[in-house]
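> Sequence:
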Amino acid sequence: MATTNPPYSYINSNKGKSLLVIDDYLYQQSGKPTVKTTYWACQFKHCPAVAHTNTNTGVATKQKNDHCHPPIPEQIEVRQLMNTVKIRVTGETTSIGQIYDQEMAKASLWKVALVTAPTANEARE
Numbered sequence: 003m004a005t006t007n008p009p010y011s012y013i014n015s016n017k018g019k020s021l022l023v024i025d026d027y028l029y030q031q032s033g034k035p036t037v038k039t040t041y042w043a044c045q046f047k048h049c050p051a052v053a054h055t056n057t058n059t060g061v062a063t064k065q066k067n068d069h070c071h072p073p074i075p076e077q078i079e080v081r082q083l084m085n086t087v088k089i090r091v092t093g094e095t096t097s098i099g100q101i102y103d104q105e106m107a108k109a110s111l112w113k114v115a116l117v118t119a120p121t122a123n124e125a126r127e
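Start counting the sequence shown at 3; every next residue gets the next number (our numbering).
Distance condition first, Cα-Cα at most 30 Å in a straight line; then the derived DSBU-like pairs of lysine-lysine:
#1 Lys-17 <-> Lys-34
#2 Lys-19 <-> Lys-34
#3 Lys-47 <-> Lys-34
#4 Lys-108 <-> Lys-88
#5 Lys-64 <-> Lys-47
#6 Lys-34 <-> Lys-66
#7 Lys-17 <-> Lys-38
#8 Lys-19 <-> Lys-108
#9 Lys-66 <-> Lys-17
#10 Lys-38 <-> Lys-19
#11 Lys-64 <-> Lys-19
#12 Lys-47 <-> Lys-17
#13 Lys-88 <-> Lys-19
#14 Lys-34 <-> Lys-64
#15 Lys-64 <-> Lys-17
#16 Lys-47 <-> Lys-19
#17 Lys-66 <-> Lys-19
#18 Lys-38 <-> Lys-64
#19 Lys-88 <-> Lys-17
#20 Lys-38 <-> Lys-66
Note that these hints are calculated values from the structure, not bench results. From a predicted model like this one, the values you see are computed outputs, not experimental measurements.
Take the sequences, apply the hints, and build the full model.
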């Protein structure tokens, strides 16, 4: 099944690399980008799903193959929360624990996402 121009967004991985998000599935960059196309593979280890984006504009241009697993929107929510915490930690003098608590209070995470979110101590590592 191939779709053209799927709705997409980008978030950062724990190591600061870009991840492509399409329909609550995460893709990581696969190999070196060419002049026109950047190739992405599903982050789930043995999933055959791949996507292509335009290297210059970042626009998602193609999505191929079906996923062999359900989407995990909670994982994306937690990753977005942790990215927000990291940005605030690097730009503010407020303590990490306090920033984490403030962001957790502001976030309207699903119950499943709340369970998978790291504690303040785990987030420091």
